[in-house]
Amino acid sequence: MKINSLYINPSDNVAMVTIELAAGQKACFRDGDGEASVTLKGDVPIYHKFCIKDIAKGEHVIKYGESLGIALSDISVGDYVHTHNLQSERENID
Amino acid sequence: MHFNGYKRPDGKVGIRNKILILPTCSCSSETAAQIARNIEGAISFVNQNGCAQTDEDLQITRDVLIGFAANPNVFGTVVVGNGCESIIPSVLVKQIQAVTNKPIDHVTIQEDGGTIGAMEKGTHMARQMAEEASRLKAEPFDMSHLTLATECGGSDSTSGLTANPVVGVCSDLMVENGGTVILSETTEFIGAEHILARRARDEKVKDRIYEIIERYENHLRNVGGNLRDGNPTPGNKAGGLSTIEEKSLGCIHKGGHTIINEVVDYGAIPSEKGLVIMDTPGYDVASLTGMAAGGAQLAVFTTGRGTPVGNPIMPVIKLTGNKGTYDRMTCNIDMDVSTIFSGEKSTEDWGKELFEEVLRVADGKKVKAELLGINDIGISRLCNYV
Numbered sequence: 379m380k381i382n383s384l385y386i387n388p389s390d391n392v393a394m395v396t397i398e399l400a401a402g403q404k405a406c407f408r409d410g411d412g413e414a415s416v417t418l419k420g421d422v423p424i425y426h427k428f429c430i431k432d433i434a435k436g437e438h439v440i441k442y443g444e445s446l447g448i449a450l451s452d453i454s455v456g457d458y459v460h461t462h463n464l465q466s467e468r469e470n471i472d
Numbered sequence: 018m019h020f021n022g023y024k025r026p027d028g029k030v031g032i033r034n035k036i037l038i039l040p041t042c043s044c045s046s047e048t049a050a051q052i053a054r055n056i057e058g059a060i061s062f063v064n065q066n067g068c069a070q071t072d073e074d075l076q077i078t079r080d081v082l083i084g085f086a087a088n089p090n091v092f093g094t095v096v097v098g099n100g101c102e103s104i105i106p107s108v109l110v111k112q113i114q115a116v117t118n119k120p121i122d123h124v125t126i127q128e129d130g131g132t133i134g135a136m137e138k139g140t141h142m143a144r145q146m147a148e149e150a151s152r153l154k155a156e157p158f159d160m161s162h163l164t165l166a167t168e169c170g171g172s173d174s175t176s177g178l179t180a181n182p183v184v185g186v187c188s189d190l191m192v193e194n195g196g197t198v199i200l201s202e203t204t205e206f207i208g209a210e211h212i213l214a215r216r217a218r219d220e221k222v223k224d225r226i227y228e229i230i231e232r233y234e235n236h237l238r239n240v241g242g243n244l245r246d247g248n249p250t251p252g253n254k255a256g257g258l259s260t261i262e263e264k265s266l267g268c269i270h271k272g273g274h275t276i277i278n279e280v281v282d283y284g285a286i287p288s289e290k291g292l293v294i295m296d297t298p299g300y301d302v303a304s305l306t307g308m309a310a311g312g313a314q315l316a317v318f319t320t321g322r323g324t325p326v327g328n329p330i331m332p333v334i335k336l337t338g339n340k341g342t343y344d345r346m347t348c349n350i351d352m353d354v355s356t357i358f359s360g361e362k363s364t365e366d367w368g369k370e371l372f373e374e375v376l377r378v379a380d381g382k383k384v385k386a387e388l389l390g391i392n393d394i395g396i397s398r399l400c401n402y403v
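If you read the protein sequences in the order shown, they are chains W and V.
Using the working numbering, the first residue of the first sequence is number 379, and each one after it goes up by one.
Using the working numbering, the first residue of the second sequence is number 18, and each one after it goes up by one.
Hints in this document: simulated from the structure, not taken from any laboratory.
From the three backbone atoms N, C-alpha and C, an ideal C-beta is built for every residue, glycine too.
Among the clues, some could well be false.
[Said to hold, decoys possible] Here are some, though not all, of the chain V residues that point toward chain W, as calculated from beta-carbon distances under 8 Å:
(1) Ser174
(2) Thr175
(3) Asn243
(4) Leu244
(5) Gly252
(6) Leu266
(7) Glu361
(8) Lys362
(9) Cys400
Generate the whole structure from the sequences, applying the supplied hints.
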């Protein structure tokens, strides 16, 4: 398998593609000493994120081992993750 | 570890030998620019502030102008005023003399014969300073005399994964060798402040980290605004950054892994060595401006989407982890660290390479922004003009 994506911290539930990938293609990444792959359910532009562990609506989306914000809907493995299903907890300060 | 620099009479060490033609306000900026064009090695910029400001807001502008004149890269300064602005030229000269004994003089357009008279007088002053500056020889100094500004702008998802960690390795090497590193951009600590707080030297520094973020959030609330109005930017989002938390978690990598010794106000000169934080806006040009006023002699600047930004006071070394951006903007960007993705060269190795580049630039190597003559200034504001 050709590596075309990566995640940073073992607790992350999203990974990033390093080339543009389309729905149905396999995102392959190093996982510990081995490799793992996920079949993408949506198109993922270069350097954007996809889900590698199911995330329920309201749960934290995790990258760098830290929270990026809250899932706006249930997100499952292979889903494209961006502003349509992930919201900051800090941008709206009202 | 040494670099070659120019010793100033106030004890500081510059890596460039510039004559600063310093406009007090918008009205004198074009005349200042005309003087700077006459003399090789003279620099100027458009000062959009300096008049019609509230006291606290004006103080930020004043601090930045004084900081620029005091920056070690500046041999001497010619202040160019109009004559009726809030920043009074002769007073500014005295305020600059209170912090540095470097050469300084001033011209006032209303008193010195309008633009042509002021230009003639100012050009004579600048020519004389440039001649004196040309006699200086660079000598070796240890790293305790060097302050590195760190900045990111036009970030995308590659920034937090490649270019910013590379800067982090370089920052750690700077600190290890006795130098000073400034981590900036308060709005881009939001969502990552708990990580920075853990690295604070003591409770006071920790409290200050939370305090500058709270001040920013309160300020936005007071003007009825939201972070999401401006940060992350549309370009950040197109580059894969979904939220301010994601941007911040990538941003803080630039500071490396050492203890945070101090938090200083915008444009203030750090009193501590090692890693310090400056309270600056996320707007990169304004942030670089604050760090140049704070005495940084050079900057490293990461970009994912690409930017031409440079600074008249200090060289700005630019790097990217986005190969497409580097290929499109090779004329603007000094280093492409995208080979981290293929595993060809590690973050650690690129960090060492960047540290060596910092030393080369300190020794006189010109960065691309210098070669292209790109000199951007944006002074931070507290409120609108009055």
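Now for the hints, and whether the structure bears them out:
1. Because the beta carbon of Ser174 of chain V sits about 4 Å from the nearest beta carbon in chain W, less than 8 Å, this interface hint is met.
2. With its C-beta approaching chain W no nearer than about 6 Å, Thr175 of chain V sits inside the 8 Å limit, and its interface hint holds.
3. With its C-beta approaching chain W no nearer than about 6 Å, Asn243 of chain V sits inside the 8 Å limit, and its interface hint holds.
4. With a least beta-carbon distance of about 5 Å to chain W, the hint placing Leu244 of chain V at the interface is held under the 8 Å criterion.
5. Checking Gly252 of chain V against chain W: minimum C-beta separation of about 12 Å lies over 8 Å; hint violated.
6. The beta carbon of Leu266 of chain V is positioned within 8 Å of a beta carbon in chain W (closest approach about 5 Å), and the interface hint is therefore held.
7. Evaluation of the Glu361 of chain V hint against chain W yields a violated restraint, the C-beta minimum of about 13 Å exceeding 8 Å.
8. For Lys362 of chain V, the interface hint is violated, the least distance from its beta-carbon to any beta-carbon of chain W being 15 Å, above 8 Å.
9. Taken as an interface hint, Cys400 of chain V does not check out: its beta carbon lies about 18 Å from the nearest beta carbon of chain W, beyond 8 Å.
The structure fails hints 5, 7, 8 and 9 (numbered hints given earlier, in ascending order).
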